[in-house]
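Enquirer: Residue numbers (my numbering), protein chains in the order written: chain L, 935 to 1043; chain G, 93 to 207.
Source of the hints: derived by calculation from the structure; they are not laboratory data. Built from N, CA and C at the ideal position, the CB exists for glycine as well. Be aware that one or more of the hints could be misleading.
[Claimed, not checked] Quick list of simulated restraints, FRET-style, between CB atoms: (1) L/V978 to G/S99: 16 to 22 Å; (2) L/G987 to G/R190: 23 to 29 Å; (3) G/A112 to L/E949: 30 to 36 Å; (4) G/Y102 to L/V978: 17 to 23 Å; (5) G/R156 to L/V978: 29 to 35 Å.
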Amino acid sequence: GQQLNQSPQSMFIQEGEDVSMNCTSSSIFNTWLWYKQEPGEGPVLLIALYKAGELTSNGRLTAQFGITRKDSFLNISASIPSDVGIYFCAGPREDDMRFGAGTRLTVKP
Amino acid sequence: GAGVSQSPRYKVAKRGQDVALRCDPISGHVSLFWYQQALGQGPEFLTYFQNEAQLDKSGLPSDRFFAERPEGSVSTLKIQRTQQEDSAVYLCASSLYRGREETQYFGPGTRLLVL
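With the rest of the complex left out, here is chain G (with noise of 0.2 Å):
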């Protein structure tokens, strides 16, 4: 599919654990967005990237949370050592270009599970 793809779509890890989070965006596309969801609630806004570049970061809840685009597609989510609160859906979703105002697809999430 040509859609942006997320793995894993389930995570359950104990707390203390660190995981790692994978976003594949749409091919060519050059904005990429990370957003938590917890449960019941809207998705919120973690971090951005323009290609390989984090240009916003300011949404990141702690400095256990990481993100990286190396080569400008593929983009990681790292938490370390996971807290409980950290449990809910991580979304990613890119747009053609800059963000802003472009159309964000987003992927199916990854629901993470702290125990």
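Excised from the complex, chain L in its bound form (with noise of 0.2 Å):
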């Protein structure tokens, strides 16, 4: 089963608004990753996050490692309508992957 969890489980944002989302996992991760899913395809990676405490950007995104290695969230800055879509956080287990159950994301126009 998941062992990470995620919330909120739902946002339903305006455009042009931030969005925050985090992760919590009663085990340490090494890594964590952060991936976007939308309707009838299969998850693609936003952030990889490799070090306690790191802060990881890409364009409107911006990740954190937690320094305990138990947590993680990822922001999203000035929301497009784009953005929509299921945000899972996931984190390498010996030779699995877990995954949280994931945040979905509306953005209305």
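Put the complex together from the two separate chains, hints included.
Expert: In structure tokens, the structure reads:
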């Protein structure tokens, strides 16, 4: 089952607003990944975090790897309609990858 | 295209029917993963190949599920005697090297509906 807890489960925001979502775990991860999935497609990697405390940006996206290595957040600034989708956090475990249940983002124009 | 491809994109099966789902990874990628994604959930790991070797199949839900990658490239996930609870999207991903901390590239998935 899922070992990563994501919140919120869903968000409805106005275009232009900033968005923040997070992911927590009871276990330590050495890598945190954030993926976006659009309907009918597979997840696409947005940001990868490799060091505790690391803050990484990719355009309007910023993600941080928590100091405890048990949490991460993703921020999206100045949201646009194409940001719509489901955002998943993920962490590699041995030879597999664990995913959170996702945050569904809806952006109203 | 150079991405991961999967076929069929959609499959409707009658309960009890066998199905085979195909994954073509990115050329040259060593690692290949299969995931099951139920509606409203994140992907859940099924099995992992490094070249033709199946190194981990701990996520396969039952012995009705079988995966192979005989030549270290294309992989097939077979589900025998399908049940309604097998209905899900089956995602395949590949990575250039050993998958643990390498970027995994996902295919579009096969949406399986068992009636």
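Enquirer: Determine for every hint whether it applies to the structure shown.
Expert: Outcome of the hint check:
1. L/V978 to G/S99: 16 to 22 Å: The hint (16 to 22 Å, Cβ to Cβ) holds, given that L/V978 and G/S99 are roughly 20 Å apart.
2. L/G987 to G/R190: 23 to 29 Å: holds (26 Å)
3. G/A112 to L/E949: 30 to 36 Å: Roughly 43 Å apart at Cβ, these two residues miss the hinted range, so it is violated.
4. G/Y102 to L/V978: 17 to 23 Å: The hint (17 to 23 Å, Cβ to Cβ) holds, given that G/Y102 and L/V978 are roughly 21 Å apart.
5. G/R156 to L/V978: 29 to 35 Å: Once the Cβ atoms are compared, 30 Å apart, the range 29 to 35 Å for L/V978 and G/R156 holds.
When the structure is compared with the earlier hints, a violation turns up for hint 3 alone.
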